[in-house]
Each structure stands twice: as C-alpha cells, then as structure tokens.
Amino acid sequence: MKDRSKKYMNPYLAGFFMGLIILASFYLTREGVGASGAFKGIWVSVVESVAPAHAHNSPFYAGYLKSHPHPLQSRLVLLVLGVLAGGFISGALMGRLKLKIEHSPKITSKTRIIAAIIGGILFGFGASLGRGCTSGSALTGMVSLSVAGFVATAVIFGTGYVLAYFVRKLWI
Amino acid sequence: MGPLTELGILNHEGGILMAFIIGIAFGFILEQAGFSSTRKLAGVFYGYDFVVIKVFFTAAITGATGLVLMNYFEVIDLKLIYVNRFFPPSAIVGAAIMGAGFIIGGFCPGTSVCAAAIGKIDAMAFIGGILLGIIIFAETFPLFKGFFTANPKGNMKITEVLGIKDGLFVLFFILIALGAFATVHFIQKKVKKVEY
Chain A
1 MKDRSKKYMN
11 PYLAGFFMGL
21 IILASFYLTR
31 EGVGASGAFK
41 GIWVSVVESV
51 APAHAHNSPF
61 YAGYLKSHPH
71 PLQSRLVLLV
81 LGVLAGGFIS
91 GALMGRLKLK
101 IEHSPKITSK
111 TRIIAAIIGG
121 ILFGFGASLG
131 RGCTSGSALT
141 GMVSLSVAGF
151 VATAVIFGTG
161 YVLAYFVRKL
171 WI
Chain B
1 MGPLTELGIL
11 NHEGGILMAF
21 IIGIAFGFIL
31 EQAGFSSTRK
41 LAGVFYGYDF
51 VVIKVFFTAA
61 ITGATGLVLM
71 NYFEVIDLKL
81 IYVNRFFPPS
91 AIVGAAIMGA
101 GFIIGGFCPG
111 TSVCAAAIGK
121 IDAMAFIGGI
131 LLGIIIFAET
141 FPLFKGFFTA
151 NPKGNMKITE
161 VLGIKDGLFV
171 LFFILIALGA
181 FATVHFIQKK
191 VKKVEY
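First to last, the protein sequences are chains A and B.
Residues in the first sequence are numbered consecutively from 1, following my numbering.
Residues in the second sequence are numbered consecutively from 1, following my numbering.
It is worth saying that the hints were derived from the structure and are not from the lab.
Watch out, some of these pointers could steer you wrong.
[Unchecked claim] If you want the ones that stay clear, here's a sample from chain A, every Cβ over 12 Å from chain B, calculated:
1) GLY41
2) SER49
3) LYS66
4) GLU102
5) ALA164
[To be verified] Lysine-lysine pairs mimicking DSS-like chemistry, simulated, CA-CA at most 27 Å apart:
6) A:LYS7 with B:LYS79
7) B:LYS192 with A:LYS169
8) A:LYS100 with B:LYS193
[What the hints assert, rightly or not] Pair by pair, the computed Cβ-Cβ distance ranges are:
9) B:LEU80 with A:TYR165: 40 to 46 Å
10) A:THR108 with B:PRO152: 18 to 24 Å
11) B:LEU178 with A:LEU97: 32 to 38 Å
Just so it is clear, the structure is predicted and the values come from calculations on it, not from any experiment.
Glycine included, C-beta positions come from ideal geometry on N, C-alpha and C.
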C-alpha cells in the first residue's frame with residue numbers, strides 16, 4: 001500500500017477550509033476558535049473541586065468562576081475536545097496514528113521532551129497574560145479585524161524569528 | 001441572520017454542541033495541513049517549509065472577507081461579533097512569551113492537541129507544560145494584576161484606528177497576504193531542504 005502518512009492537504013485549500021470553519025463559528029456562536037481557554041477552564045474546575053476555599057479566595061479563580069460558573073461546560077472546552085476527535089479522525093485516515101516522540105536527529109528524545117515542556121509553560125503563561133493564543137487571539141483576532149489580533153500575530157511570529165537562531169539546534 | 005446565539009435562535013447548550021462540531025472540523029483540517037508535526041511547523045522560522053504562513057494567512061483572509069460579505073448581504077450582523085479586547089502592555093509581553101514558547105516547544109496550544117490526538121508524546125509533554133504555565137499564572141496573578149489590566153483600549157478594531165472601511169482594509173489585507181505567499185515561495189526555493 002502506498003504510504004499516505006507524508007501526504008498533506010494543499011496549504012491554501014486547508015487555509016480556505018479553516019477560514020470557512022471560523023466563519024461558521026462566528027455565524028453560530030459570535031466567537032471564533034480558541035484553544036488555550038479550554039486548559040484554563042479545566043484547571044479552574046480542578047481547583048474548584050479539590051480546593052474550593054482557595055478557588056473562591058484567589059482573585060484569579062474567583063474572577064474566572066464569576067464569569068464562567070460551570071468551567072467544564074464552556075464553549076472552548078467542548079471545542080478543544082472536538083479538535084482532539086478531529087485530529088484523531090484525520091490521523092487515522094492518513095495512517096499517522098503512532099505513539100512517538102518526533103525530533104530532529106541532532107537532539108535526543110529527552111532534550112525534545114524538556115524543550116516541549118518549557119515551550120508549553122511559556123505558551124500557557126503567555127496566553128494567559130495575552131488573553132488568548134495563536135487560535136483565539138491571533139487568527140480569530142485578525143478575522144474580526146481586531147487590533148489585538150494583528151498585534152498578537154506580529155509579536156508571536158516576530159519573537160519566534162528573533163529567537164530562531166539561538167535554538168536552531170533543536171530543529172535544523 | 002446571525003450570529004444565531006446572539007439572536008436567540010440557538011440556545012447556550014446548542015452553541016456548546018456547535019462548538020464541539022466546529023472543533024472536530026478545526027482539528028481535522030489542522031491535522032490534514034500537517035500541523036501535527038513540529039518539524040513542519042518549525043519550518044516557517046528556518047525557511048524550509050512555509051505551510052504555517054500559507055494556511056494561517058489564507059484562513060485569515062478567507063474569514064475576514066467572509067465576514068465583510070456576510071455583513072453586506074445581511075447574513076450576519078458584524079456589530080454583534082466579538083472583537084478581542086486590547087490591552088497593549090499585556091498583549092505585547094504575552095505574545096512575546098508565546099513566541100518564545102513556539103520556537104522552543106514547536107507547538108501552539110491548538111496544534112499540540114491535534115498532535116497529541118495522533119500519538120505524539122512530545123505534544124502531550126507540551127500540553128502538560130501549558131497546564132503548568134496556566135497554574136503559575138493563576139497562582140502569581142496578584143503580582144501581575146495591575147500589568148494585566150493596564151491601559152485598556154476596549155474592543156478596538158484596526159479599521160477604527162486607521163479610519164477606513166472594513167472592506168477596503170480587507171482588500172489591503174488580501175494584497176499583503178498574496179505578496180507574502182509570493183515571497184515565501186521565492187525563499188523556500190533558495191533554502192536548503194530539511195528532511196523530516
């Protein structure tokens with residue numbers, strides 16, 4: 001059988017579909033797509049059930065619970081569960097379902113995992129401070145022509161380019 | 001006329017169900033485009049694969065054009081659409097931290113979920129990192145509260161700042177994106193291929 005696992009959709013066609021998906025989201029729910037907000041919702045609900053006193057005394061959790069009384073029944077948590085399902089379906093169709101650590105041959109799996117955790121911490125913190133990540137702030141923000149969206153896109157990619165040289169061993 | 005949840009045509013539960021379906025479509029397309037591979041995503045920063053620029057900006061101009069057209073044909077009321085709030089200091093510093101996370105970790109939150117779905121262990125580690133980052137932010141929030149809410153600009157649109165019509169701005173946006181696509185095609189031809 002021909003190996004489909006390296007076959008990807010034409011990027012412009014994929015982008016066109018992604019644009020239509022964001023439009024559908026705006027049409028149905030007035031908001032676009034987002035990912036980081038789901039993790040926030042999940043964590044707040046964990047704190048609320050494990051340490052309710054802390055959740056109601058800390059300004060961050062209390063503020064979040066005030067605007068989202070049921071953090072797990074939020075739009076973004078369901079959206080990210082959908083992303084998990086959609087990614088799995090596509091991976092299954094393309095023969096890409098495989099447990100593995102993908103990394104450049106120049107680094108070890110251990111280095112890759114450490115870099116992934118550090119990157120995740122920075123992204124989680126940055127998205128909290130910046131009110132959304134690449135999906136919710138940058139991409140959706142540009143579709144709605146918000147200044148926040150264009151600033152987020154320029155600064156995320158700009159910082160990536162500035163730092164790329166220093167961490168090139170991780171990738172090339 | 002939309003948005004449906006705003007006009008009471010779709011209730012809260014219906015909106016959440018729709019979000020799940022939108023998520024499935026979004027995850028499917030992210031994976032189809034190759035966003036489940038960090039080696040492909042990182043290509044944008046080293047010039048060997050510009051799939052990120054092509055998908056991201058095609059999606060942005062398709063969405064922006066669609067909203068303007070839907071508003072014109074009265075399919076959607078643009079005034080009811082959520083426009084992200086803008087707080088310049090926290091937005092800029094937050095995005096810079098995200099940029100560092102992107103080049104070090106290779107994913108952003110959405111792509112990491114998509115990659116974890118097909119079994120990438122490094123993506124699962126990245127998701128663990130996201131949770132840690134959120135916990136650190138949540139627990140240290142009192143230190144940043146002032147900075148987080150400094151200089152609020154509200155739901156500011158770029159066309160209000162520039163004083164031009166949405167349609168005209170979208171036209172410029174499309175032209176800039178087309179210019180970017182041509183530029184990255186040129187660069188990609190010049191850069192040494194990376195096998196992955």
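Checked hints:
no., hint, verdict
1, GLY41, "violated, 10 Å"
2, SER49, "holds, 15 Å"
3, LYS66, "holds, 14 Å"
4, GLU102, "violated, 6 Å"
5, ALA164, "violated, 4 Å"
6, A:LYS7 with B:LYS79, "violated, 41 Å"
7, B:LYS192 with A:LYS169, "holds, 16 Å"
8, A:LYS100 with B:LYS193, "holds, 23 Å"
9, B:LEU80 with A:TYR165: 40 to 46 Å, "holds, 44 Å"
10, A:THR108 with B:PRO152: 18 to 24 Å, "violated, 46 Å"
11, B:LEU178 with A:LEU97: 32 to 38 Å, "holds, 36 Å"
Hint check: violations occur at hints 1, 4, 5, 6 and 10; the rest are consistent with the structure.
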